[in-house]
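A.B. asks: Listed below, chain by chain, are the residues.
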Amino acid sequence: MDWLQTIVNGLMLGGLYGLFGLGLALVFGVMRVVNLAHGEFIVLAAYGGTTLAALLPGVSPLWWVLPVAVAAFGVGYALQALLVNRAVRSGDPLTPLMLTFGLAVVLRNLMVEVFGTNPQALDGGAFTRAGFDLWGLRIALFPLAVLALAAAMFFALQWLLSRTEWGRIVRATSDNFRIVRLMGVQPNHVYNTVMGLALAFAAVAGMLLALRTSFTPYSGVERLLVAFEVVILGGLGSFWGAFAGGMALGVAQLLGQKFDSNAGSLYSHLLFFVVLIVWPTGLARRGR
Amino acid sequence: MPLLEVDALQVWYGDLQALYGVSLALDEGGVLALIGANGAGKSTLLAALCGLLEGRAAGAVRFDGRAALGRPAEALAREGIALVPEGRMLFPSLSVEENLLMGTLTRRRGPWTLARVYQLFPILEQFRGRPATALSGGQQQMVAVARALLSNPRLLLCDEISLGLAPLVVEQIYAALASIRAEGSGLAIVLVEQDVQRACGVADAVCCLLKGRATLQGRADDFDHAQIARAYFGH
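Chains as they are written, first to last, in this note's numbering: chain A, 1 to 288; chain B, 1 to 235.
The set of hints was computed from the structure by calculation and includes no laboratory data.
Keep in mind that a hint or two might mislead.
Some chain A residues judged to face chain B by a derived CB distance under 7 Å, without partners named [said to hold, decoys possible]:
no.	residue
1	L134
2	R138
3	L141
4	T164
5	G167
6	R171
7	A172
8	D175
9	I179
10	R181
C-beta atoms are modelled at their ideal positions from N, C-alpha and C, and glycine is treated no differently.
Pulled out of the complex, with its shape left as it was, chain B reads as follows:
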């Protein structure tokens, strides 16, 4: 049984339909790249998965076999779904370490502790007492990833984690993701990414959305560049 199943998911914001029956599945330990142009519905899909969806939805989302669609974000967080939100969304009133500790509130047990995330991102330990928003964009992104990991999730949703960051910093973040995978803890990851090549490079499976529909789905190495470009742009 897959860890995450999305079945014919439709979402409306008022009269505007954002998703038209998207289905996908992700196994424990798998990495899915969710790609698509702006407004394709990627963030809507992530919001539906983590419980922050504000629109009306139909279809089904099952997490570990249980219905997840429409359940509140705080309940899903405690069951093991974590989101690295777009724009990082750190808490400006909190220090770096306090931001990280917010991740531990789900009280889930697992491999991730404060010491382990400091091992993953040593710079954060050095800056632990600083206000989170005083860090560089890349370091803030590390805080956001580490904060999500500290909830010891079974499913990690990453929304645009390379957006607006210098290439070298993106390299570091992706290296960290690779080492998280190598950990072998069964953590499944959904990567929403503008950089299609990079996303497909680390993912097992890919799903391309175009105007609310899945235009391409399958193993990441089954498609060539032209196929992905066609699915991405629709022509």
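Isolated chain A, as found in the complex:
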């Protein structure tokens, strides 16, 4: 029962991990750009949440998830329009990589400058500490809600991409950005909205992170690593694969910690390492 409890907790943590990877997977899948500043944007959103909570202490921080996500969409849109599209135009995949790497360093140090290095967290009130018993298992309400929200966001993105006109345009642009122009589509505009959406997902993940645990300006690096592992475990470009990858990492981490209390996230990285050797194309593409 004890082990089962750990697995259940791992799955719920995995929902958040999957969400870390979602925006990264989207941006890579559509424009083949690896956003090395993804982790910093997750942490920046968390600071956005703590700042709002400090300004308006009477309001539950849970309400701030949506406005922070909307603001992140705007930041992502502007970032793509002003910087990344130019870097992509150079034709060298290394240029956007270097750009986002530099951006990550700048953002991290800006956050140190503005917010300091003391760990911070968001207090979500009683809801984040509540739980219930089910068949002898203790289920914490907040992680369960995070898992449900993560699943809903994966589902929503999948639906947007496969069923809507916007999704059709995004997939076609990803296939051939030159030919879509013949249909009246501006590829750069598509990229702007995709980056906006990716950072909105990152912002939701960042807010949930802040509600769950404490963070510092340096937390982004670790989250980026998790996001990478999630995306690669799932097989590049597969969103459901990324969700499953997040779950696998969450379970591996908590089982590892139970087995060896000093392990930290060693076992989730080990799992990643082993999968990379056995199925180099990721879980979702294993069969092909």
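Given chain A's structure and the hints, the job is docking chain B onto it.
C.D. replies: Structure of chain B alone, referenced to chain A:
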């Protein structure tokens, strides 16, 4: 006033000149066969017409009296220029019907709807849910033509639509083009074609390019085989 006017168009890729002052005109409802050997500049000319040109250009292209040279492809598409690209260039991640719907994004009104193109190519309706690249070459070409028609263009540019297809399939595609013309909607067509005889058979006018220059221009039935061969090969 002609729908399309090209005036002394020159194009360079770096130091290499691809077109040396090509001029032509095409009226509403007209069909122009653009012929020439490989590397004669046909695709460059089409790219300049639809806004996908990557080289440097001089001269003028006027579409419906307005300057079109150097304007972006997405703007020209919305004004009614559609291209059936060489090699079809369907979107592999999209189904047949999703590929077709991409054509409707210019939001232009006109005779072409999903139902109408399915009438023109009934096989596409049958395969509408399949990935576009799972179809045969001929069926993919039908998707490419239908996708261009769905933008309800005033000018349809067709780049090598019979290339690599079985003769029977080419027959079908050209029959479809004939019925599009018979529609009488005023659609003008530029056909880039390797098969000179076939191209001249459906076209009103012909323009032959040789090494970036127009070597023969006029009504398609004004020239005999020997004249065209001389313009095509340059000897």
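A.B. asks: Under the constraints set out in the numbered hints, which ones does this structure not fulfil?
C.D. replies: 1, 2, 3, 4, 5
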